[in-house]
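In order, the protein sequences belong to chains A and B. Using my numbering, the first residue of the first sequence is number 1, and each one after it goes up by one. Using my numbering, the first residue of the second sequence is number 1, and each one after it goes up by one.
It should be emphasised that the hints constitute simulated quantities derived from the structure, not laboratory data. The model shown is predicted, which means the values in this text are computed figures rather than measured ones. Don't take each hint at face value.
Covered stretches of chain B (chain A as the covering partner; in silico rule of three or more C-beta atoms under 8 angstroms from a C-beta of chain A) [as the list claims (entries may be wrong)]:
(1) 21-34
(2) 42-53
Examples of chain A residues toward chain B, derived with CB under 7 angstroms [to be verified]:
(3) Gly-42
(4) Leu-45
(5) Gly-58
(6) Phe-90
(7) Glu-99
(8) Thr-101
(9) Pro-106
(10) Gly-107
The beta-carbon is built from N, C-alpha and C at its ideal position, and this holds for glycine as well.
Residue strings, one per chain:
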Amino acid sequence: NAGVTQTPKFQVLKTGQSMTLQCAQDMNHNSMYWYRQDPGMGLRLIYYSASEGTTDKGEVPNGYNVSRLNKREFSLRLESAAPSQTSVYFCASTRGGAEETQYFGPGTRLLVL
Amino acid sequence: KQEVTQIPAALSVPEGENLVLNCSFTDSAIYNLQWFRQDPGKGLTSLLLIQSSQREQTSGRLNASLDKSSGRSTLYIAASQPGDSATYLCAVGPVSGYSTLTFGKGTMLLVSP
Numbered sequence: 001n002a003g004v005t006q007t008p009k010f011q012v013l014k015t016g017q018s019m020t021l022q023c024a025q026d027m028n029h030n031s032m033y034w035y036r037q038d039p040g041m042g043l044r045l046i047y048y049s050a051s052e053g054t055t056d057k058g059e060v061p062n063g064y065n066v067s068r069l070n071k072r073e074f075s076l077r078l079e080s081a082a083p084s085q086t087s088v089y090f091c092a093s094t095r096g097g098a099e100e101t102q103y104f105g106p107g108t109r110l111l112v113l
Numbered sequence: 001k002q003e004v005t006q007i008p009a010a011l012s013v014p015e016g017e018n019l020v021l022n023c024s025f026t027d028s029a030i031y032n033l034q035w036f037r038q039d040p041g042k043g044l045t046s047l048l049l050i051q052s053s054q055r056e057q058t059s060g061r062l063n064a065s066l067d068k069s070s071g072r073s074t075l076y077i078a079a080s081q082p083g084d085s086a087t088y089l090c091a092v093g094p095v096s097g098y099s100t101l102t103f104g105k106g107t108m109l110l111v112s113p
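Bound-form chain A, shown alone (with noise of 0.2 angstroms):
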């Protein structure tokens, strides 16, 4: 099984440019999470979803939209990068809630000129 899967590895954009980070399970699992990790800051939840249908924010959601596409997808939208959303974006997800182990995907690393 691949688990936690996310598309592109690598991107850099310039301010103001739009993208699509994209993520998919197969574990079939019900919660799916997106955080960013930055240096010193540890990682921050950007939104999270509870099961197919649902998105809720997290601790830093200004800038970002999410779409539950279907059970596996979970993707997290930029309409207009900043230099502050430089980071490394990671992608998780568990059988039930947050309370259960969590499943990374290998990352994003986004560069905003």
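Model the placement of chain B on the given structure of chain A, informed by the hints.
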């Protein structure tokens, strides 16, 4: 707001040493605590999950303990090896299911041959 602190921020030891990584949290109302490993440029891998009703969990050379009342957890690594070199993160899980994990900033471990 839950805060998670990990000490030390970095640790360098020779191969074969036993070592302890520390994690403290400010709100003892947690559901569980998880320890993760992150290799450079990679995603997070779950190592151990301790439920709030448990005192410790073991996996191979790893042993994690939890003292909820004092807001502390330790990760003990026995007979360290160069392959243990990575960043170790702890995260505390919420009392309610569909909420966020709170992560510490991690301890960067280097084990020298």
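Verification of the supplied hints:
no.: 1; hint: 21-34; in the structure: holds (count 3)
no.: 2; hint: 42-53; in the structure: holds (count 6)
no.: 3; hint: Gly-42; in the structure: holds, 4 angstroms
no.: 4; hint: Leu-45; in the structure: holds, 4 angstroms
no.: 5; hint: Gly-58; in the structure: holds, 6 angstroms
no.: 6; hint: Phe-90; in the structure: holds, 6 angstroms
no.: 7; hint: Glu-99; in the structure: holds, 4 angstroms
no.: 8; hint: Thr-101; in the structure: holds, 5 angstroms
no.: 9; hint: Pro-106; in the structure: holds, 5 angstroms
no.: 10; hint: Gly-107; in the structure: holds, 5 angstroms
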